[in-house]
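**Student:** Chains as they are written, first to last, in the working numbering: chain R, 1 to 168; chain V, 1001 to 1166.
No lab work stands behind these hints: they were computed from the structure. Glycine included, C-beta positions come from ideal geometry on N, C-alpha and C. Do not rely on the hints blindly, as some may be mistaken.
Mimicking DSS-like on lysine-lysine, the simulated pairs with C-alpha atoms at most 27 angstroms apart in a straight line are [unchecked claim]:
no., chain 1, residue 1, chain 2, residue 2
1, R, K36, R, K167
2, V, K1005, V, K1163
3, R, K36, R, K11
4, R, K11, V, K1163
5, R, K11, R, K167
6, V, K1005, R, K11
7, R, K36, V, K1163
8, R, K167, V, K1163
9, R, K167, V, K1005
10, R, K36, V, K1005
Computed beta-carbon distance windows for the label pairs [unchecked claim]:
no., chain 1, residue 1, chain 2, residue 2, range
11, V, L1137, R, D120, 39 to 45 angstroms
12, R, S159, V, T1113, 31 to 37 angstroms
13, V, A1026, R, A62, 45 to 51 angstroms
14, V, S1094, R, S21, 26 to 32 angstroms
15, R, A28, V, S1094, 20 to 26 angstroms
16, V, D1136, R, N38, 36 to 42 angstroms
17, R, S141, V, A1134, 35 to 41 angstroms
18, R, T10, V, D1136, 42 to 48 angstroms
19, R, G154, V, W1115, 47 to 53 angstroms
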Amino acid sequence: MAKNGLVLITKATFSGQSSVSIENCFSATYTHYIVKRNFSASAADLNVNVRLRVGGSDASGANYRYQVLEATSTTVSGARATGQSTFTAALGATELTAIGWAELWISNPFEAVPTTMWRDAGYTMTGNLGITPIVQAHDLSTSYTGITVYPSSGTITGSISVWGLVKS
Amino acid sequence: MTWVKTAEVTFSGSSAVNIDGCFSSAFSHYVVTRNLLGSVNNENLNVRLRVSSTDDSGANYRRQEIDAASTTIAGVRATGESSWRCGLGRCLTSQLGYSQTRISNPFEAVRTTAWTDWSYNADSTIGLNRIVMAHDLTTSYTGFSAIPASGTITGTITVYGLKESA
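Based on the sequences and whatever the hints tell you, model everything.
**Tutor:** Shown next as structure tokens:
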């Protein structure tokens, strides 16, 4: 039987949380990770941000940067920001009546090199649809072992899963 | 969802990396990840399909890109190329960068298609690039080459097949 190349590391389930910290989901066992969300929120259309984490603390310094591409109806736009204190909308935006869709790929969070990520997401709020791929980087060469996921306000209820891509 | 690692190649100072035998009839769809540095910063890391230990270097590759750099959004299309330009993103000298490639039907005797998401994030800037690619021949390929446009690469490339049956 072939060895599975994609391993579920953890699934965090929560209710009414303003932030969810997932510890020890990153290790030397993997280089690349996939994070998926399956939650609803107490308020709609708010960024679901992610901070890297180690030693029980978030990395909240101004070392995150992003480039986003957004398509909504016939409007296409881009934006770049540096010196951010979080991976902005790294798990998309909150929705009230739908789960929303987001998939986050993270590379090298555990290695002592800058962490990079790509997130695809779509927002599907009533009367509003959009596509927002975003790429982000964290500039420090620090080894991180986890993440904190938090909406910019309000709470989230549901689950977050983290998979690792098997290497040698 | 079952992914099976079909190849992992580690290399150092290589001007081309050949990955043979990673495509087979066992899978139709593949994911390729990389973890590498280049000797030349921001250099294209191109891809050629490969069979019987030989690259297919004919002018049968084409691509459509979308690029976001700050508020500037640009697209480009090219046909008749001899490789998939930036098929594995770009090499950076100081950071590993991000790239993820998905390839469909390389082994089947139909046209191969691919998709790559990559970022450039060196020198205090960051950009987003997404490419869809196709190869016009209906040839069965068993591998590919990763070729920096100049210089060398050092690191690892891993290929996963997506299992479709029990």
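**Student:** Determine which of the earlier numbered hints do not hold for this structure and return their numbers in increasing order.
**Tutor:** 11, 19
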